[in-house]
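Number of protein chains: 2
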Amino acid sequence: MSETSSVGIVTAQTAHFSEPLKLKSGEVLPAYDLTYETYGTLNADKSNAVLICHALSGNHHVAGKYAETDKYPGWWDNLIGPGRPLDTNRFFVIGLNNLGGCHGSSGPSSTNPATGKPWGADFPVVTVEDWVESQARLADYLGIDQLAAVIGGSLGGMQALQWTMSYPDRVRHALVIASAPNLTAQNMAFNEVARQAIMTDPEFYDGHYYEHGAVPRRGLRIARMLGHITYLSDDAMGAKFGRKLRDGEIKYGFGVEFEMESYLRYQGDKFAGEFDANTYLRMTRALDYFDPALEYGGNLSAALANVKARFLVVSFTSDWRFSPARSREIMKALLDNECSVSYAEVTAAHGHDAFLMPDPHYHNILRNYLQNIRTGGTE
Amino acid sequence: MSETSSVGIVTAQTAHFSEPLKLKSGEVLPAYDLTYETYGTLNADKSNAVLICHALSGNHHVAGKYAETDKYPGWWDNLIGPGRPLDTNRFFVIGLNNLGGCHGSSGPSSTNPATGKPWGADFPVVTVEDWVESQARLADYLGIDQLAAVIGGSLGGMQALQWTMSYPDRVRHALVIASAPNLTAQNMAFNEVARQAIMTDPEFYDGHYYEHGAVPRRGLRIARMLGHITYLSDDAMGAKFGRKLRDGEIKYGFGVEFEMESYLRYQGDKFAGEFDANTYLRMTRALDYFDPALEYGGNLSAALANVKARFLVVSFTSDWRFSPARSREIMKALLDNECSVSYAEVTAAHGHDAFLMPDPHYHNILRNYLQNIRTGGTE
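Residue numbers (this note's numbering), protein chains in the order written: chain U, 207 to 585; chain R, 207 to 585.
Derived by calculation from the structure, the hints in this document are not laboratory data.
Cβ atoms here follow ideal geometry from the backbone N, Cα and C, with glycine treated the same way.
Wrong hints could be hidden among the right ones.
Beta-carbon label-pair distances, calculated as ranges [stated by the list, open to error]:
1) U/K538 with R/D542: 42 to 50 Å
2) U/S548 with R/D542: 28 to 36 Å
3) U/G461 with R/D239: 25 to 33 Å
4) U/N505 with R/L541: 29 to 37 Å
5) R/D475 with U/T210: 51 to 59 Å
6) U/S224 with R/A531: 55 to 63 Å
7) R/L451 with U/N512: 24 to 32 Å
8) U/K476 with R/D276: 47 to 55 Å
Restricting the straight-line Cα-Cα distance to at most 30 Å, the calculated cross-link-like pairs of lysine-lysine (DSSO-like) are [as the list claims (entries may be wrong)]:
9) R/K476 with R/K277
10) U/K323 with R/K457
11) R/K252 with R/K228
12) R/K450 with U/K230
13) U/K538 with R/K446
Isolated chain U, as found in the complex (with noise of 0.2 Å):
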């Protein structure tokens, strides 16, 4: 394999929207801010961008750092950059931070025009259908007609799919990685949890917190603790950290026993002092609500009837939050309408979280199949 690197030194952008946007919900959204970035360059016919759908946590910056001096690279630097699978040699690739978010595009946390304070609870309900429309007006402002490639892992691989059916004539090839048709009723049963962990802290104040001069952090952080138990696999956690004491000796008491506990409580920690309460309770809205099935009697291929793009589905073995039975589902009922298709089922032991791991086998996969995308003529 030949070097790679890092896109290296990347800024953020902001581009600005004001004709409203109306929401699948019914309400309308006036005008918004997307903010993203871009790595590569657009090529003379425009048919080498590749859009990035971010999961619930995630945002607009997706690989190389800002300063040389920042400590991590964005999320899924290890896919992206010259000679990565997904190659910036060759691609035009961009990454946006979705509506409702909190890092740079509208979300609760900006500022209400109509009011001149933030959002809070009254920034509306957003959908991945929403996300899909605000995506291609994004597509548009950059004058891209044709996307090569949608990619999205989890909440991500829901944007790349309804990508097909929203615009089946603008994205040549959807990459649904880790992903589901919809969520199981487990599923949605954790993102009740964590959004009920939010909204009872008493710092919340129905999501107004902000005038209060509040976070929710309690709330936020229990979330936090609960998302990273279902991102790991059991197997994965007991190969991380077992029962392993933190002190070597039990100590009776309701401290950090286990480094397990050290982990989950750090990573609560963390993520309460950096996202948005708001935001995280309408990221798993997002999550409940996608199920392209729902309006054709729960009938997936009929929903995927007028498909056009190709497609490669990827699951991981150990995925117990989205399992590969649920890519099959998506590879049968694109089947069923006799779309182009490839599936890998990858094995591997680290859960949901091994679609950002930069495993060998499922990034030669991806790399393959990014390889095969022509830019530039027609495929």
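Given chain U's structure and the hints, the job is docking chain R onto it.
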């Protein structure tokens, strides 16, 4: 099958123990009460006593009702009574509330004799070994030298297993149901999230909420909601609730949208109004700490070397919290010691909760095993 009935109207009793109990933590409980119930009649040679050990949120009220008008009977009523699998025409059945509980036995909400105030956070951390010790004293109090059987599911199964190690000559049969030789990292992680929800509730007051006239309901509610997810399998939740909307249409908000959310909130609210948060913390810690193999370098077979009891081990296929694989670990260690052991892996859809359900196949397994336990004479 002949007709079966409930044990009818029952009364709880309380035994006081004034001999100090040295706990595994090193702390000493100077005196304590144990609240218990009994069903059936102790026979002349006191050879027909069966102890029921409760799980996380259980108590001494195992069977029967306190009054005809009670809405629900004890928590394992379907198992116990004349003609039922645990037949009170033959057996004398004892249920107790464990130390640290909140239903009559000494626990954080009872009075600390040293201060005259509720123990609160000062009530010591108790372990499965401590419970078995206190249960042995209750047997002494009742004049019972040897138990015909100890039966428990989940955390109760751990107590049944511990009995065979702590008192090999005092227990003839152990029924270890839906249990495990220790918790996995994932199980401990769920416990930690539940505890953190409770302990970060502003109404927790470091465990001394009684004196503040407060109750950390929010935290307890979150803990219970989370618990319910782990008691049911994904399939069971799917079958029971699926993605059913409560009001038939999506409202795009954070109120109850799905049936499952309504169920979780109801269960959480109910529990938060009934159970003690400090007890919850202690019960989950007892689960975390249980690990008989620890002192034997992880060798469970060595830990069970002195066991004399005969065993019935039961697991349920859909139980992802205490999976059949964990029961098989117990089996293997017992077989290494040439113990007499029966094992049943029951096909059941209810997840961990299956051990409380009157599934006919499961109940027949218990019935058959219990029928072969001799009462009177020797085995």
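Can you name, in rising order, the numbers of the hints this structure does not satisfy? Per hint list: 2, 4 violated.
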